[in-house]
Amino acid sequence: METSEIRLAGMGGQGVILAGMILGRAKSIIDNKFATMTQDFGPEARGGAASCAVILSDDPILYPNVTNPHTLVAMSQEAFTKYIGVVKPGGMLIVEEDLVKLSDDIDPSIRVFTIPATRLAEEIGRKIVLNIVMYGFIVSVTGLVSEESARKAVEASIPKGTEKLNLAAFEKGYQYGVEQLK
Amino acid sequence: MKADPKRVLTGSHFLNGNHSATEGALAAGCTFAAGYPITPSTEIVERIASRFPQVGGVFIQMEDEIASSICLQGGVWAGHKSMTVTSGPGLSLMMEHIGLAAITETPCVLIDVQRTGPSTGLPTKTGQADMMQARWGSHGDYEIIALAPSSPQDCFDFTIDCFNLAEEYRTPVFLMSDESTGHMLEKVVIPEADKIDIVERKYYTGSEPYLPYKEEANGIPLMSKAGMGHYYHITGLTHDERGYPVLTQPVQKQMMKRLMGKVNDNVDKLTRVERINLDDADVAIVSYGISYRIALKAMEMAREKGVKAGILRLITCWPFPEKVVEELAKNFKSLVMVEQNFGQMYYEMDRVSNKHCNTFLCGSAGGDVHDPEEICNTILEAAK
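Chains as they are written, first to last, in the working numbering: chain A, 1 to 182; chain B, 1001 to 1384.
I should point out that these hints are in silico values taken from the structure, not numbers from a laboratory.
These numbers come from a predicted model, not from an experiment.
Glycine residues also receive a C-beta, built at the ideal position from the N, C-alpha and C atoms.
One should not assume that every hint holds.
[Claimed, not checked] Here are the computed lysine to any residue pairs in the SDA-like style, where the Cα-Cα straight-line distance is at most 25 Å:
{"id": "1", "chain 1": "B", "residue 1": "1125", "chain 2": "A", "residue 2": "104"}
{"id": "2", "chain 1": "B", "residue 1": "1257", "chain 2": "B", "residue 2": "1204"}
{"id": "3", "chain 1": "B", "residue 1": "1262", "chain 2": "B", "residue 2": "1242"}
{"id": "4", "chain 1": "A", "residue 1": "88", "chain 2": "B", "residue 2": "1305"}
{"id": "5", "chain 1": "B", "residue 1": "1308", "chain 2": "A", "residue 2": "86"}
[To be verified] Not the full set, but computed from the structure, chain A residues with beta-carbon under 10 Å of chain B:
{"id": "6", "residue": "37"}
{"id": "7", "residue": "63"}
{"id": "8", "residue": "161"}
{"id": "9", "residue": "165"}
[As the list claims (entries may be wrong)] Beyond 10 Å from chain B on every Cβ pair, some chain A residues (computed):
{"id": "10", "residue": "25"}
{"id": "11", "residue": "70"}
{"id": "12", "residue": "83"}
{"id": "13", "residue": "92"}
{"id": "14", "residue": "152"}
{"id": "15", "residue": "179"}
Just need the whole structure built from these sequences, with the hints factored in.
Below, the structure is given as structure tokens:
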């Protein structure tokens, strides 16, 4: 596998950073390969914006920064606007469709996937798991890590007693992706 | 001695460098920390504050860094392995007491998660411009030891090394981390406790009256701690082997010979470097910390362009590995230092190299890691 770079961006409270961590954990700990995650710190990260970038690779990662991600996950309009321009041609855009209105000037070589992650999370019963719904969706449409590893990483990352809820959220997002790929 | 299993979080973890350094400190047996939280080192004290209650240990959030750096030493003399954690502005405030730790031979660990300076600078951005301050910042002559990590795994491993070196040499030891390394998350493999070697403090157990600065065979005196029953005196004044002030030139001379010697006479033993692709190389890069990783990337780029570059990575930055670098200079036409400052370790490299070869600096103002392209261009320039 080549090195994959993904940026996850949204608003504070959506669990964007945790979703990135779980993805990194799936690749580096569960699959025993390599992942490097960086976060945005500083004034630009205040006022509600949250963003992280994860590099996944079969080989050790040297340069930790992600300038032009292959995949952008945008969970807010601001995140979409800020990062859409840097996505690699031929890359992938994944958006929370209720929170992001797509512009019509997106590079046509970028494949776009949309999911109402917040609504789906509410259907499961808790809006708080929207990041896990999104994570399941990311895993299924990108294939960055296997379904099994991705699920194990969720189990390794959540508080005890929340397994049922989080795994249901993962399943929901994953299956939503499977349907879209059909 | 091996690490205490209850203090070691054995397993594979996805951790940032700061949390990893904290786990290293716990594994090394650190039971006391004093600090004043400062970006980008805050995650270390946060994790200390949550982990110490689980495994034993006291963390005190002091009123500032001046107090932290002296409280740290109180912890040591009370019998604890101790550390403090800071970043540039805090390190500036700690300077007076680093000299005190040096003259009183107080084994302690200081983690500096470097950010961009001067002054408040860019608090949330990376830098490597404290390298000289760590070495020379306090007045007078003294020696310290400093290691530079370039990954969260290094943060775990090297923090343990820092504690071990502090106990072995009774000197302040610095982990010269940086914002990028401290905040990035990567896999950290923490071995089982019985695979981690720990240097325990050597206490005086004899029946004669205790002489706190009596030179042992290795040049390093034995310690005592509060409650062991010894009377002892610890002072920043020039002192004799009893620890009492003796304000004469011969005593100063004798004390300094030992203080400087315990590090300077052991440079070979303290030197830790990594050599990457140097055997067939035409240009040698010298780098450390996060910049070493970016230089690795640039080395690959240069090789793709037909210039054979290799790297000497400095794990030990202080004492400066003079012999190794000079040997390198004798075998290369050019050496390139890559660091996030306007030339700090470069001048050390240049000092021992310039009579043998050309030296180049690929520095930066900090604020982000180098662009590998920029390093690659310096390599191409150096190969001409």
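So which of those numbered hints doesn't the model satisfy?
Of the numbered hints given earlier, those the structure breaks are 1, 5, 8, 9, 10, listed in rising order.
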